[in-house]
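Here are the chains, one letter per residue:
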Amino acid sequence: MLNFIARRVVNMIFLLIIVSFVGFWIIQLPPGSILDTQIQRLRAQGGNLPESLIQALRTRYGVDDPFYVQYWKWISRSLQGDFGTSFETDQTVAERIYNRLGISVSLSLTALLFTWLVSIPIGVYSATHRYSWPDYIITFVQFLGLSIPGFLLALILLITASRLWDQPIGGLFSPQYADAPWSVAKLMDFLGHVWIAIVVLAVGATAGLTRVMRANLLDVLNMQYIQTARAKGLQEATVIWKHAVRNAIHPLVMSLGTLLPALIVGETLIAIILSLPTIGPLYLDALRSQDMYLAGTILVMLSALLLIGNLIADLLLAWVDPRVRLE
Amino acid sequence: MTNAVTGAETSNVQIVSEDDVVRVQDLKLNFYTALGVVRALNGVSFNIPRGKVLGVVGESGCGKSQTGLSIMQLTTGRIEGGSILFREFNTGEAIDITRLEKNGPEMRHIRGNNISMIFQEPMTSLNPCYTVGNQIEEAILLHQTQDKAEARKRAVDILQKVGMPNPERIADSYPHQLSGGMRQRAMIAMALSCTPTLLIADEPTTALDVTTEAQILDLMRDLQNEIGTSIMFITHNMGVVAQMCDEVAVMYLGRIIERATIDDIFYDPKHPYTISLLRSIPRLGVARGEKLESIKGTVPDPYSTVTGCPFHPRCPAAIPGLCDAVMPDETFVAGSRTHTVRCHLYT
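Respectively, the protein sequence lines represent chains A and B. In terms of my numbering, the first sequence opens at residue 1 and continues consecutively. In terms of my numbering, the second sequence opens at residue 328 and continues consecutively.
Hints may contain errors.
Claimed, not checked - Here are the simulated DSBU-like pairs of lysine-lysine, each with C-alpha atoms no more than 35 Å apart in a straight line:
| # | chain 1 | residue 1 | chain 2 | residue 2 |
| --- | --- | --- | --- | --- |
| 1 | B | Lys379 | B | Lys488 |
| 2 | B | Lys480 | B | Lys429 |
| 3 | B | Lys618 | B | Lys355 |
| 4 | A | Lys186 | B | Lys379 |
| 5 | B | Lys475 | B | Lys429 |
| 6 | B | Lys475 | B | Lys488 |
| 7 | B | Lys379 | B | Lys355 |
| 8 | B | Lys355 | A | Lys242 |
| 9 | A | Lys242 | B | Lys429 |
| 10 | B | Lys475 | A | Lys242 |
| 11 | A | Lys242 | B | Lys623 |
| 12 | B | Lys480 | B | Lys623 |
| 13 | B | Lys488 | B | Lys429 |
| 14 | B | Lys355 | B | Lys480 |
| 15 | B | Lys379 | B | Lys429 |
Simulated from the structure, these hints should not be mistaken for laboratory data.
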């Protein structure tokens, strides 16, 4: 098992290097560079930039180097933990990313947890009460959840929350708590803000996974070993939760690998609407202004999350189902 | 001890034995589907004496598996009438299973403990996620003992009993690591782990190759002699019946059409269906080029009801005006107290 994990980690490192190289190449493909954006901004502010200053900036940022030189400058320092400086704000990339990445990952993990906690029991109920009224209602709500776009749901919830409960809109904190130290009141305020984000993030995946859970469990319930379990005299609850669910849960476990980065990327639009300080909007900005180091670092981080998520999913699956364990 | 069951209605053809562990009376089972009602069992009656093996034979869809599942109350159909008296022979207590709540504590106490069942598909009848030992222990922990170490010991013992080499290792194996024959042995071990009064074996060897089949049948016969469990052996294979059973019930379209001892069925079959069934078995020593007899026609559509004798459309000896109009009663064959047949030719 340890051998398996070690092999996977080595593979991951190679994959990350390839991803970062290709990603870096694609990011610099469009004409122009971060410097053009900067110069334009300075000119718009009315400054008269002498040619010598522009030339100095060009050398400093290294924008005239071929991209593989830029790539090497960035990656060699990144390996030592220095992701470089963001061209746009002169902050270090690490400074700009870490806070937002933390919020993104914890939001996504919470949404993932929410997805599982809701879709497993509802899927099981739906399968064991097939073609009953509750099942029809669940199915209807599922299709609603699948077909409403996240940004629309975000808007609806925002308006509802502010009209009905007089809740302040957007952000993670109300202004009076933003810089305050953590307290019970701040926590409550935070929860009041964050639930909309979690629900909006989770609703599509939840609807989908509930459906998958229902269909899979229905298949498993027709298996012979379920009959065997019943013939042993087990309670129906034991038959369902011990014998059936464990065999039906594979797609949910596998979804862990893809869901984590999908949630992080998928939240971009929602984060913009809800003005959440997450990684998505930052990534979008970095791409648009060709802030190479920033964009490249975010790309590598997201890829790493995808790979880690997949590794965790594989390990979980091996734990759930002995048939996929490696000898 | 036998008084407990005498209250049940018994028809004049009931082959009553003091020793019956199961007495099924006029069992009716329906399935209500979107396409209509399927009458799976239309008044099935039989009994299984203590320590005997009853073979239940018939074509696919004749209701033999549903009869077994009804005794376990595991059928998805609805039992509409009749009774299933079960007598636990240690206590002598008789219970009508049809009156028990389907998943209630009493029914669950009987399942796996007093009556257990093994199925046709050994490849899929064990849960792939748990070790064989774990699945056997589950039944023992449920019915016999609370002690996990003791349950483990018993599981290993029973695995040894069903002829597993290295039972300790098998107990820690997952089903996918075992062959079909081994899995069926494990299933038998699980079914016998609580020394049930009755074992329902639903085509336990159909999915196995012939060599393995012979081994499994030997094993079942040996264990049956040793433990004294009665067996309801469901099969469509007359060869297996000859090897395993003491008595035979032949089913056709949800009814038992002939019941007899093993010798009477093979040497003196009465019902035209039984006769055709026996003739359609290929034999060694029959002249080459001679055509193997088959039963003409097919089993009628399950949603329809056939008037008269259900076999009359395919029967070579059908009497027009009688067989297609009147349902024959089950009667004793002249001069026998063990051989019954449901056919107008013998009334």
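- Message: Check the hint pairing Lys186(A) with Lys379(B) against an upper bound of 35 Å on the C-alpha distance.
- Response: 76 Å, violated
- Message: Hinted pair, alpha-carbon criterion (35 Å max): Lys618(B), Lys355(B). Please report holds or violated.
- Response: Since the Cα atoms of Lys618(B) and Lys355(B) sit roughly 38 Å apart, the hinted pair is violated (cutoff 35 Å).
- Are the Cα atoms of Lys475(B) and Lys429(B) separated by 35 Å or less? 28 Å, holds
- Message: With the threshold set at 35 Å, check whether the alpha-carbon distance from Lys480(B) to Lys429(B) stays at or below it.
- Response: Distance ~32 Å between Lys480(B) and Lys429(B) Cα, so the pair holds.
- Does Lys355(B) pair with Lys480(B) here, judged by a C-alpha cut-off of 35 Å? 42 Å, violated
- Within 35 Å, alpha carbon to alpha carbon, are Lys379(B) and Lys488(B)? Given that 35 Å is the threshold and the Cα spacing comes to 20 Å, the pair holds.
- Assess, step by step, whether the Cα of Lys488(B) is no farther than 35 Å from the Cα of Lys429(B), and give holds or violated. 32 Å, holds
- Message: Does Lys429(B) sit within 35 Å of Lys242(A), going by the straight-line distance between their CA atoms?
- Response: Status holds; Cα separation ~20 Å.
- Query: Keeping to a limit of 35 Å between CA atoms, is the pair of Lys379(B) and Lys355(B) held or broken?
  - Reply: 24 Å, holds
- Message: Just to be careful, I want the Cα atoms of Lys379(B) and Lys429(B) compared with a cutoff of 35 Å; is the pair within it?
- Response: 27 Å, holds
- Query: Holds or violated: Lys475(B) with Lys488(B), Cα cutoff 35 Å?
  - Reply: Judged against 35 Å, a Cα distance of about 20 Å means the pair holds.
- Query: Is it true that the CA of Lys242(A) sits at most 35 Å from the CA of Lys623(B)?
  - Reply: 47 Å, violated
Violated hints for the displayed structure, listed by number in ascending order: 3, 4, 11, 12, 14.
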